[in-house]
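> Sequence:
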Amino acid sequence: MNNISDLLVEKECTCGMTHKCNIKNIIIENDAISKVGELLNGYKKILLVADNNTYSACSEKLEYLFDSTDYEIEKQIFKTDGMLVPNEQAIEEIKNKMTKDTDLIIGVGSGVINDLCKYVSFINKLPYYIIATAPSMDGYASVGSALIIDSMKVTYNTHVPTAIIGDVSVLKNAPIDMVKAGFGDIIGKFSALNDWELSNIVNEEYFCEYVYDLVYDCLNKTIDLATGLLKREDESIKALMEALVIVGIAMSYVNNSRPASGSEHHLSHFFEIVGLLNNEEYLFHGIDVAYSTIITCKLREELLKLDLPISKNEFSKEKYIEDINKIYKHSAKGIFELQEKAGWYSKNLIDIYNNKWEEIKRVLAEVPTSKEIENLLKTVELDLQEFNDFYGEEKINNAIKYAKELKDRYTVLWIYNLVKI
Numbered sequence: 135m136n137n138i139s140d141l142l143v144e145k146e147c148t149c150g151m152t153h154k155c156n157i158k159n160i161i162i163e164n165d166a167i168s169k170v171g172e173l174l175n176g177y178k179k180i181l182l183v184a185d186n187n188t189y190s191a192c193s194e195k196l197e198y199l200f201d202s203t204d205y206e207i208e209k210q211i212f213k214t215d216g217m218l219v220p221n222e223q224a225i226e227e228i229k230n231k232m233t234k235d236t237d238l239i240i241g242v243g244s245g246v247i248n249d250l251c252k253y254v255s256f257i258n259k260l261p262y263y264i265i266a267t268a269p270s271m272d273g274y275a276s277v278g279s280a281l282i283i284d285s286m287k288v289t290y291n292t293h294v295p296t297a298i299i300g301d302v303s304v305l306k307n308a309p310i311d312m313v314k315a316g317f318g319d320i321i322g323k324f325s326a327l328n329d330w331e332l333s334n335i336v337n338e339e340y341f342c343e344y345v346y347d348l349v350y351d352c353l354n355k356t357i358d359l360a361t362g363l364l365k366r367e368d369e370s371i372k373a374l375m376e377a378l379v380i381v382g383i384a385m386s387y388v389n390n391s392r393p394a395s396g397s398e399h400h401l402s403h404f405f406e407i408v409g410l411l412n413n414e415e416y417l418f419h420g421i422d423v424a425y426s427t428i429i430t431c432k433l434r435e436e437l438l439k440l441d442l443p444i445s446k447n448e449f450s451k452e453k454y455i456e457d458i459n460k461i462y463k464h465s466a467k468g469i470f471e472l473q474e475k476a477g478w479y480s481k482n483l484i485d486i487y488n489n490k491w492e493e494i495k496r497v498l499a500e501v502p503t504s505k506e507i508e509n510l511l512k513t514v515e516l517d518l519q520e521f522n523d524f525y526g527e528e529k530i531n532n533a534i535k536y537a538k539e540l541k542d543r544y545t546v547l548w549i550y551n552l553v554k555i
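For the sequence shown, the positions run 135 to 555 when the numbering used here is used.
The hints are simulated quantities; they were obtained by calculation from the structure and are not laboratory data.
We put the beta carbon where it would ideally sit given N, CA and C, even for glycine.
Treat the hints with care, as some may be off.
Claimed, not checked - Restraint ranges, calculated between C-beta atoms of paired labels, are given here:
hint : residue 1 : residue 2 : range
1    : M217      : G362      : 24 to 34 angstroms
2    : D523      : G362      : 20 to 30 angstroms
3    : E435      : D235      : 39 to 49 angstroms
4    : D368      : E527      : 17 to 27 angstroms
5    : E435      : E520      : 36 to 46 angstroms
6    : Y290      : E227      : 33 to 43 angstroms
7    : N412      : K234      : 39 to 49 angstroms
8    : Y479      : E222      : 43 to 53 angstroms
9    : K234      : E520      : 22 to 32 angstroms
10   : S303      : E474      : 10 to 20 angstroms
11   : E415      : S450      : 54 to 64 angstroms
Claimed, not checked - Within a straight-line C-alpha distance of at most 16 angstroms, the following computed EDC-like cross-link-like pairs (lysine to aspartate or glutamate) qualify:
hint : residue 1 : residue 2
12   : K209      : E163
13   : K169      : D140
14   : K179      : D237
15   : K463      : D201
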């Protein structure tokens, strides 16, 4: 795997972009929290953001750290029994704890805490650090902040943290499902990278082979970590966290999440959004991504059976509006606006598919089979039947059909839903 410090150096790339990541410090090792004090020179008033679970995960280390410093520390500790939702209310609670003198935000947590701190620090033009409490997702080093705004999953381009702290002695004691989620988030790159390559063919979307290879290298290295992760071995936990951070750096290189998020993430977002709208439970993001990767690989397998793609029945706008209103309820208006702007429904995609079908099939065939992904997930004790039982056939089929509406990004879901299978 690449040396992380080498990736923080600006790079001129053959893709035409200058890749850069403005993170100043990444420390992933045992007792990393003890080194935070060395990074605080120049700051005076710090806002620490966590929830009751993430704070308790490293409270002794944090209290020792801040008791030995002269910094003024304000705390926003969310009290929650379930999953914290990164919505307007959570944003306001953080902002209410800030003063005009706050000059640094430190998040203590994983996905949701990172997204909230990333967004609030960005709109207030402040730096932020993230002290990771679980190797559960790949967004630590990315520029994207994934929030739930007006019950819609919205990703804002913000900024990277100034420092990422991964204390292995904390990370390895995260709930085991969060460790599995991190593994699953990386496995999802099989699908995400394939969607990126597919869109490059269908839409001539920008594509960078260097970034593609960087993410794929993390994927290959993570596959072998399963046994050590279940045993919570230091080296395996450290390697997973490094892989997740490197994928985040890859996203910052292209200033969006394309190298790491495709159809498998859209399915995951569907389960989350529909769960929030209907007050229904959903799985950890990375676990949903993992299982959804099996689904998207099955879709590719179905498409590969076609000699040539034939369009389904003519698109009915009336039926489309009816279905989206039923599925997404009061969030439907945002869906309509997003897809009107994206223009996928007005584009003659079927002609493009016919003209480029052999090239499209070549790309679709590059991913592992759904059975191979299923077996990979079993190495970390993730069983597809759990996913099927949890969501049920109807919700999974709805996800396949309607998850594509949540984003303006092209993925295999668009081609699968347009052609006759």
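> In this structure, is the beta-carbon distance linking Y290 and E227 contained in 33 to 43 angstroms?
violated, 18 angstroms
> Below or equal to 16 angstroms on CA atoms is what counts here, so check K209 against E163.
Given that 16 angstroms is the threshold and the Cα spacing comes to 25 angstroms, the pair is violated.
> Below or equal to 16 angstroms on CA atoms is what counts here, so check K169 against D140.
violated, 20 angstroms
> Would you say the C-beta atoms of E435 and D235 sit inside 39 to 49 angstroms of each other?
Violated - the Cβ-Cβ distance for E435 and D235, about 58 angstroms, lies outside 39 to 49 angstroms.
> For the pair E435 and E520, does the Cβ-Cβ distance stay inside 36 to 46 angstroms?
Since E435 and E520 have Cβ atoms about 22 angstroms apart, the given range 36 to 46 angstroms is violated.
> Given the hint of 54 to 64 angstroms, is the C-beta distance from E415 to S450 inside that range or not?
violated, 33 angstroms
> Can the suggested window of 43 to 53 angstroms be confirmed for the beta-carbon pair Y479 and E222?
violated, 30 angstroms
> Given the proposed pairing of K463 with D201, does the C-alpha separation stay at or below 16 angstroms?
violated, 49 angstroms
> For the range 20 to 30 angstroms, tell me whether the beta carbons of D523 and G362 fit it or not.
At 28 angstroms between Cβs, range holds.
> Range hint 17 to 27 angstroms: satisfied by the CB atoms of D368 and E527?
violated, 41 angstroms
> Indicate whether the distance between the beta carbons of S303 and E474 respects the range 10 to 20 angstroms.
violated, 50 angstroms
> Does the alpha-carbon distance linking K179 and D237 stay inside the 16 angstroms limit?
holds, 6 angstroms
When each numbered hint is compared with the structure, violations occur for hints 3, 4, 5, 6, 8, 9, 10, 11, 12, 13 and 15.
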